[in-house]
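There are 2 protein chains.
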Amino acid sequence: MKMTNIFCLFFLIITPFFAFAQGEKTDLMPIPAQMQWQEGKFRLDRNFALSLNGTFADRLFGASSRFLRRLETRTGLFLKQGFISKKDNLASANLQIQVQKAGELKLHEDESYEIEIQNQKILISANTDLGVLRAFESVLQVIKADAEGYFFPCGKINDQPRFAWRGLMIDVARHFMPIEVIKRNLDAMAAVKLNVFHFHLTDNQGFRIESKTFPKLHELGSDGEYYTQTEIKEIVKYAADRGIRVVPEFDLPAHATAWLLAYPELGSKDTIIDPERKAGIFDPVLDPTNEKVYDFLDKLFAELFPLFPDLYVHIGGDENEAGRHWTENAQIQKFMKDNKIADNHALQAYFNQRMLKIFAKFNKKMVGWEEIMHPNVPTEAVIHSWFGKESLFKAAQKGYPTILSNGYYIDLMFSVTSHYLNDPILPEGAKMTDLEKSRILGGEATMWSELVSPHTIDSRIWPRMIAIAERFWSPAHVNDVEDMFRRMEILSIRLEEFGLNHIKNRDVILRNLAGGSANIEALKVLADVIEPMKKYSRNPKGELYTMLSPLTLMADAANADAPAARKFKILSENYLKKPNEADKAEIMKYLALWKNNHAEIAELCKKSPALREMEKLSENLSLISGLALEILTKEKTNRGEKILKTSSLLFEEARKQGGRTELQVVDAIENLLK
Amino acid sequence: MKMTNIFCLFFLIITPFFAFAQGEKTDLMPIPAQMQWQEGKFRLDRNFALSLNGTFADRLFGASSRFLRRLETRTGLFLKQGFISKKDNLASANLQIQVQKAGELKLHEDESYEIEIQNQKILISANTDLGVLRAFESVLQVIKADAEGYFFPCGKINDQPRFAWRGLMIDVARHFMPIEVIKRNLDAMAAVKLNVFHFHLTDNQGFRIESKTFPKLHELGSDGEYYTQTEIKEIVKYAADRGIRVVPEFDLPAHATAWLLAYPELGSKDTIIDPERKAGIFDPVLDPTNEKVYDFLDKLFAELFPLFPDLYVHIGGDENEAGRHWTENAQIQKFMKDNKIADNHALQAYFNQRMLKIFAKFNKKMVGWEEIMHPNVPTEAVIHSWFGKESLFKAAQKGYPTILSNGYYIDLMFSVTSHYLNDPILPEGAKMTDLEKSRILGGEATMWSELVSPHTIDSRIWPRMIAIAERFWSPAHVNDVEDMFRRMEILSIRLEEFGLNHIKNRDVILRNLAGGSANIEALKVLADVIEPMKKYSRNPKGELYTMLSPLTLMADAANADAPAARKFKILSENYLKKPNEADKAEIMKYLALWKNNHAEIAELCKKSPALREMEKLSENLSLISGLALEILTKEKTNRGEKILKTSSLLFEEARKQGGRTELQVVDAIENLLK
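Quick mapping for you: the protein sequence lines, in order, are chains D and Y.
Per the numbering used here: the first sequence = residues 1 to 674.
Per the numbering used here: the second sequence = residues 1 to 674.
Identical copies go unnamed one by one, so any copy, or any two together, can satisfy a pair.
Straight-line C-alpha distance at most 27 Å; calculated DSSO-like pairs for lysine-lysine:
hint	residue 1	residue 2
1	K524	K567
2	K534	K656
3	K144	K607
4	K237	K183
5	K278	K86
6	K237	K212
It should be emphasised that the hints constitute simulated quantities derived from the structure, not laboratory data.
Work out the full structure, taking the sequences as your base and the hints as a guide.
Structure below.
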């Protein structure tokens, strides 16, 4: 019986939610595969010290030092132990860490670990130091306190991930992200046990990595905003120190404006004069019939691939459906005819076959979006699904290893619930064979950056990424949405220790919108009930915002899962199910707050024209809240019914966007009145 | 008559505070030398565009692009003009910029500028592009709004700095500061027209710059936390792009633990085994009688000086008074006798003379703290005063160029008022000759980093640095403290656009202290009335905190000039001068808030042991507030008088520190009851 089967058996008996000695809920996130708690406490004091034993990679010294400093941050204890070195292997230390071997940053590497907390001692054991990194994060999540101070509850955790590929993609092409943005997000990724950073380095709007062989790529393709090779190495090392693989993406053959701006001779048609500043799908595409293209890429990849030690490189390959430039290029058409290449898809497969040869030369395996799938592309390539699970399963059934991103497009501002409940396999994939299922390596959330700046990107990734990370790591049956929200909110605040600004930068935007004032209470009330327009509707045709447009307005302060709206929805649903005075009082409090809030917003709008795009929406919130207040107050009067009858227009109005945001309480308020 | 004299004459007629057409106060900070406003508005819309004309350094392209993006951030306008290049020199642009020549980053370079805002056009003219950078900051500070939208008021600004050397020193040795901390602070420095970044790179606790010649310096002396030479170049360029000179400091011959850890053979006595983790004054010092020291420094400076294009290099030179290792080294004593070197101060002067030769070889001028002043050290060296103005004036009178830092030690957490009213010359220096006065080049605030982390340093520098910058730039007569506070608060929020966390990180600390909760209202109330212990009292003997201790507690959330305490002090003083019901009601509101706040703090302490060090102080605040409430309510009753008589002990208790912070409302409350 394999380890995984033992775990499965275990869960038939004890599920993790109820495994606490005191019946208390765990704050751990992702929830471990297995845990058991018992009476007893390990007391934390400034003598707390750790000891490293066994065989491991050097990264564990730094990781141990960071673990101690974070423990200090949480507890305020002035620990005596400083930077960890080889000398820190004493048997007297109360945290004993035992490792079998150095972890390798490769797919399917062992990340399992075991933590045993006793009254006087903590033991962490793992097959690789990567397991210890994961264990550190779990330990930091179980700190508790009582009258005597901080402690760890006694108990045992046995943990390992459900999926081997647990990723976050960050697009640094649309909006460039300085190295510190990447670093703090790598820290947060490690905190939720993610292990793949997919680095979307090139796209129409930017070529973001220095090339010494073809310097025009970054010189002309980046507006000066690119990573030097030194910085790339620094990022790769930073990630590796945290047990995270870096998979770079060179999106080809389309998404190539920035490339062709520098080297137009590689393109299929037009000479490109200006950098692309808009969002959307564009025509510029490499010419796969031009031998110079392969020569160029061979030389470029010879230079750049060695910067990335990971076995995998992402070729992108998406969104060349139209292939207009290919269709309109007579020479390309002739080549296709001569070589019996049936259509554009087949031509792209031809390009990928050539790419695979180059990849093989440099010992790289290819990852690509679904568009690379073709009978001529062998099943050693990894298919990255943005189409959806049907297509993901198809790829797996054809023999391709796969990863899922459809359903994890965090840039589209959907509720975390939708991402959390999006399982890479279940329920539809349950009927696949075990072999087919094993080809589903995991998933990646995608942070496309058309509408984020370095100041807002954290808030689009976090906290929702925490829940997605749990989906990738924890057993499939972990799916209690309310408990997920509870734990996510706790961990979200903890992530601030890395300097993430996903919480704090909302107020920065609001202070600016208040005309440079600290008086932002009314703006907070408003921000708590709105969300940015979802999917691609915020930026119609990709043209309202360019890559230089300000991202410092109300839509940028708003986030998915507007907190007050969520609470109000639950509250009003409960009330409608079972009317009671307590809930009603709470509802009335919200309604009064929203009704009265507009006076202050209207005042702010006077001095801050940037806020005026919100004025109508804020007024509508006030009107529907006032209406609801009145009706709920005089519940049974004729006047209430009369108002209700004439109010549908009002609710319709209140659903209209303002400042590219939408009010999230309209349905709940309307339902209350029905 | 020189330009400066014209300005002086001008001020006899119109002082800037009253020069507004509408009598409105200006938000500009630092206040310009001269400004005049008139009726009329320049309307901002998305067609706003700038045109660069004349001769200037390339930095102006980037600076212009950044100016536009910041204008967008403030206004939310989607400006059409993107990155600025040579093509942006059109006569149709409504902001016309005219420059005479490229600015050089050197002392006394021309930074003057003129802005003329007309209804349809804005003209910026300057002798150098550095003047344009300063002008951009002024323009961004005069944006206003009315019913129609954003505008600039018509008028004219003629501006130039009062002092040529306007600096901020950041100590990156005690606590290392990642490059992004330096960058965002350089941005903020430029925003308040500072022009010298004094980079304190080495000290006992760290050697923070990569040396390829002597790699053990950074390898053994930095715990891996240092700037690579590439990063140093990046910082120097970043500063230069913002019109800021970088003056590096290699603090010698003392403050040398990190050096001697790597190369003990250069020291005067002990072999150093462990890195210094404490704060304070330490003995390790180079041996000035050892020729190898000069050979070493010659080679090291040959490598490092070229990274810093500025003419000046800071040699430190401070705090070797005791010179214990020199006194105790027989060989050194013999050398002194043989060479008729009278005392340790003379020995240090000998060292500096040798240094000056090396400096001269690399075309560098020396800056050093007062300790370098000696008859044998020529007056081409700049004396940096930390002793005080008496000593500063003495240096100036001896013929040394000087800069003042005494009175600008922002790490000591004094009120901004004390820094603001600390003039480098006036009033005591008024009687010096013009020549002597002209030797006072300006000043520098010093950010020593014993008690700051990358997460808190911004809050120790800003907003107080804004007021100091005004002292260095604006005419001497600009000294209205209340108006300074008003303008500083506005600009403080504006600085957040650079990612500075001086405002937002307070709540991060509080959320952590609340045990990872967003419920921090009571903690905010407390933070608003406390300040960190001042001077060196927070860290007795430099031993309570090591360089690894957590800086995530209440003392780190607190700041100088506790805002509620300041407001309450003004309020209660006004009330005592002229009792009235409105002020009294406001006072009672504060007292009730503080009285009731403790219940929540006590609750938080239960779940957050890190907060418990504040419990007593919070309780004391509650007790004295409750007492005052009771007495003020029953003002004339016997009970009130009786309570008051027995309360002096209570007030004494309330003055005691808690969590290394002090309550700032005790005097004001006690005075109310007298």
